[in-house]
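Respectively, the protein sequence lines represent chains A and B.
Per the working numbering, the very first residue in the first sequence carries number 1; after that it's consecutive.
Per the working numbering, the very first residue in the second sequence carries number 1; after that it's consecutive.
Some hints here could point you the wrong way.
To be clear about the criterion: a stretch of chain A counts as covered by chain B if any three or more of its residues have a C-beta under 8 Å from a C-beta of chain B, and this derived list gives those stretches [as the list claims (entries may be wrong)]:
hint, stretch
1, 151 to 159
2, 182 to 195
3, 205 to 215
It is worth saying that the hints were derived from the structure and are not from the lab.
Every residue gets a Cβ at the ideal spot worked out from N, C-alpha and C, and that includes glycine.
Protein chains: 2
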Amino acid sequence: METLKIAVLGTGPVGRAVAGRLAEVGHEATIGTRDAADTAGREDYAAWAADAASRGGAVGLSTFAEAAGGAEVVVNASGGGVALGILESAGTENLAGKVLLDISNPLDGSTFPPQLFVKDDDSLAEMIQRAHPDAKVVKTLNTMNNQIMADPQRLGEDTTVFVSGEDADAKATVTELLGAMGHGDVIDLGGIETARGPEMWLPLWIRINLALGGNDFNIKVVRGPSLRG
Amino acid sequence: METLKIAVLGTGPVGRAVAGRLAEVGHEATIGTRDAADTAGREDYAAWAADAASRGGAVGLSTFAEAAGGAEVVVNASGGGVALGILESAGTENLAGKVLLDISNPLDGSTFPPQLFVKDDDSLAEMIQRAHPDAKVVKTLNTMNNQIMADPQRLGEDTTVFVSGEDADAKATVTELLGAMGHGDVIDLGGIETARGPEMWLPLWIRINLALGGNDFNIKVVRGPSLRG
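All chains, please: the whole structure from these sequences, using the hints.
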């Protein structure tokens, strides 16, 4: 696919993994943060950025608004609790008309295991879409650990990732990006309402993580004879 | 394993599939219903029972209380909305000290797609355990279609089933029954509280079902290199 300018909002493990991988497969990735000088000065961030660049995945760094304003695709890789605030900082005018790939999960960290602060009759993806009606929100990748988001083939076989969103072209773009990252089985669940499903998967993901003692797993939707093409 | 007397409460597709399969693999299965004469007289039930018997899976039929009273293991295969009432009809004294394998899902059929009438800070499995504190509740099998519950190998590879419950021996018994039915990957999530995970999976299961146009699928938890034995 053509090279895209992609802003990745969030400097945490998810943002780094996705931005690094998108740069590695040939896109122009810029991480958005609150204060770029502050982030650039953090030792762990600088070390990560240098390592990513040395592996052919150089990633820019800018404010939320500058990153989003200069991008064709915006990735929300922030924590669920701060996602709406960060997207507001990015500026709704900088999201308008663009693909907004949303990875965030509505986890309420005040309990353990975390519960969801929105679920079942609404979702964080829908809240984001309502807050930014001119963005083309596509929920995806929130169902797995960041290492697997960026490199699903480490699992040794194709596993499944979901997309939910109202705009077919936006889902096609996201599906192409997912394919470039190595995702071999993308299920289009339908409109943005269907994001309630992948978001409500988290409580089971967390308990599998605790039971297995690690997050190096993903699910594969195995089809039976009546669903094989 | 030794032959167990198993009561399966519920005459619907789940109860029939599980009772028939348990009988087929050598257990003494009895379906529990509100009015045994009425159920026996229903044409579709009689046809199913005759077919099951012809395939070596003859299944008894009795009231909820009689079936549970005569059983060593009780399976709740009723709909989520009626599960607590049916287990009350079965009699808490008939459940005491026994494995109570719970397959029910807390689906609220008044919306589409159905929402869950309990979730995240509680679960139907926990409600059942509180209502019958002397039963050894094990949540399992609620994450897949009944045809796959009974014959997971139709998928052509091992897929995953979860168990949640407080009693280790009860989970061991259930795990043995699952193995006899063909389930090759059983993940023990922990105590009964962990049933919140598999119950909250349903909204995603429903949306995958709608997207694929069928329920002939299950998930396989694919482990990465760091989780392989």
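Hints versus structure:
Counting residues of the stretch 151 to 159 of chain A whose beta carbon lies closer than 8 Å to any beta carbon of chain B gives 5, which reaches the threshold of three, so the coverage claim holds. Coverage of the stretch 182 to 195 of chain A by chain B holds. Counting CB-CB distances below 8 Å, 5 residues qualify, and the rule asks for three or more. Coverage of the stretch 205 to 215 of chain A by chain B holds in this model, with 9 residues showing a Cβ closer than 8 Å to a Cβ of that chain against a need of three.
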